[in-house]
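Residues per chain, in single letters:
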Amino acid sequence: MRFRLLLATVLIALASPTWAVQPDEILDDPVLESRARDISAGLRCLVCRNESIDESNADLARDMRLLVRERLVEGDSDTEVMSFIVERYGEYVLLRPTTDGVNIILWVAAPVLFLIAMLSAGLYLRQRGSAPEPTKGGLSAEEEKRLKELLKD
Amino acid sequence: MIIELGHFALILAFAVALAQTVIPLVGAHKGWRDWMVVANPMATVQFLLVAFSYAALTYAFLVSDFSVKLVVDNSHTLKPLIYKISGVWGNHEGSLLLWVLILALFGASAAWFGGNLPASLQARVLAVQSGITAAFMAFTIFTSNPFTRLEFPPFDGTDLNPLLQDPGLAFHPPFLYLGYVGLSMAFSFAVAALIEGRVDAAWGRWVRPWTLAAWVFLTIGIATGSWWAYYELGWGGFWFWDPVENASLMPWLFAAALLHSAIVVEKRETLKSWTILLAILGFGFSLMGTFIVRSGLLTSVHAFAMDPERGVFILMILAAFMGGALTLFALRAPVLEAKGVFATVSRESALVINNVLLAVSSFVIFIGTMWPLVAEMLFDRVLSVGPPFFNMAFTPFMVALAMVLPIGAMLPWKRGNLTRTMRPLWGLAAFSVAMGALTWALQTGNSPLVPIGLALGLWVVLGSLADIWSRTGRGAIGNRMKRLSRLPRADWGKFTAHSGLGISIFAVAALVGWETEDIRVVQIGESFDKGGYTLTLTSVDRVQGPNYVSTMGTLEAYRDGRLITTLQPEKRFYPIAGMPTTEAAIDYKIHRDLYITLGDPQDNGGWAVRTYIKPFANWLWFGCFLMALGGIFSLSDRRYRIAAGAERTRPNAVPAE
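Residue numbers (my numbering), protein chains in the order written: chain A, 80 to 232; chain B, 934 to 1590.
The set of hints was computed from the structure by calculation and includes no laboratory data. Mixed in with the good hints, there may be bad ones.
[As the list claims (entries may be wrong)] Quick list of simulated restraints, FRET-style, between CB atoms:
1. A:203 x B:1333: 14 to 24 angstroms
2. A:138 x B:1306: 45 to 55 angstroms
3. A:199 x B:992: 51 to 61 angstroms
4. B:1089 x A:138: 24 to 34 angstroms
5. A:186 x B:1333: 15 to 25 angstroms
6. B:1170 x A:191: 22 to 32 angstroms
7. A:186 x B:1259: 24 to 34 angstroms
We put the beta carbon where it would ideally sit given N, CA and C, even for glycine.
Sequences and hints are given; from them, build the entire structure.
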């Protein structure tokens, strides 16, 4: 009987993946559970393409979800849970990359690019504003006429 | 036989494409008219040959010709007809042929509808376009031949990936390709103009419809892809910052920037070199996206190293076209004299800010997408860059964009006065902020996400209304209404697309901020409450589909004792592909989606059921639809039709030097 139940479970597990967070994983304490959900959303499922363990169906993701909850129940803070997981699985699990070392380049890229772009745009606009209105040129009279015809609203 | 003919037609088309790349360029350089105009029939022939080749491959799928390797790998006799058709592009080789088909179609369209272009410009555009097509044909023929036969054909195929057997995904790639490839037209125009050494208002007008069309297609493609992810992947996510998604978002942002800066070229003959650069980079990002998706580089560096042939080929195409175009740009850009002068406060400046925000946000996505690769190769750090990073890095740009949009849209050309432009807008801004504050006070929880999203969305929509109303001038309401109906379609396009953006911003915020979830075990016959509804699981049945078996739950949703709807979430299993899928059951309503998926049977006889209330989910797709519709309005504006019709009044075209 025990064996048949086991077999049935295995067969079901093979036929259909377990579905992200399972009802039996959910912690009784809603505050703890919501912390667990937040933490899981930031951890990458190692065997999936691009999913957090919170979204993933993989068995490994389930193990990691259970691990996160286990640590939380034992009283770890969010950062402690995170560093515990990172220690075990490596930096790769963090969906939000750290800011240490060369990663700083990634984090400052957006503001720096934006400043450079705004600065060059500003310089260009100032120069544009003071440039003299150029005389019409480059087009022949006929082309000028045809341009008018095309641009007629 | 038909398969071989299709293969042969593709090779023939490749030869035509090569000739079409060289002959018109020489003709335009030497001023030989017949060498230039020969590009037109060549483009048509090239298109017909590729179309035949594509039809041959489709035929193989329709009749389930299992002597063709591609059909064996991606089809099955039991597969419904529509997925036999979509199966043609549901794989690398076939989708590449579709890509080539669309390239040839755009090239042929430039030949058919480009009659009013100066002969040398048209010849050069067609030549550059054909060069791109030839490169992709070579890629198809030499590395990814879809027509490969099998010596011993099997009795049946291994079926298409079940995730792709869905209407949303079946029609999502063709739209994306139309968008990616549409940007190749803007690129061809840019390179042709650089060779000519001249960019004028007419160039801006010619390049805009192609960019608009590409952008509309990309919008539709991205929206259907996102919608598919929403209902198919089983938890209602709509955007994952997956490299494949980023690959489509980057060119979309560039196309949006380009179609705005092309307005400046058209109306004011300035920002020329910047617009050319955008056109080049826009297509560059399209190619980059193709590279990302097809090389497998980002899924795994190791997979790429094992089979680098395809990736290296696209990288070569990318390097050749970007390198060539940017070199040409560096040489020729200084020649492009800007004409229109404008003050710092003006519509031109506002559009420059629009361009900065769109282009920089696109670059940020690019850096985030490529960073894991760079970190691993150069710094030996294996890391991930996921949604938390992208949300933080990308959102500020969109917030800024939404804040300046209504003001920029109403600033006059050349020289504006901020005080005057803001006069009708202050009230709207105050109202939007007040509504955001009200929402913040009324909602449960104190996340600022939805209030900010609502205020921004409202500001953009009301600003668009104020803008189109201001276009009717002054006078009695009746007269202004009359004038409103006679406004050019471009104005309506602007209004519709901008409103769509506002609605989408609000919807994203509401969906992310207000979604609620419920996961539980339900026995058959048991009821539970969620978000004001009482749901009863009445049965779970096994249902046989055409090429799958389904476990289908039936849930009745009651509100105040009245039956609202019956929902049937499914878990399907495709035995041939050996893959399960989930089919969520969704009750779509204007203010929320009720979203249910069925999980596993539990030990105690119950079933895992996940229920979500997703507020304003439909508004997101509706907003995207409005953006695309706005693009179509703009595209149908009288000016472009007249520009196309102007040819007839001018039978003897003089080739421009």
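Q: Run the structure past the numbered hints and jot down the numbers of the failing ones, going up.
A: 2
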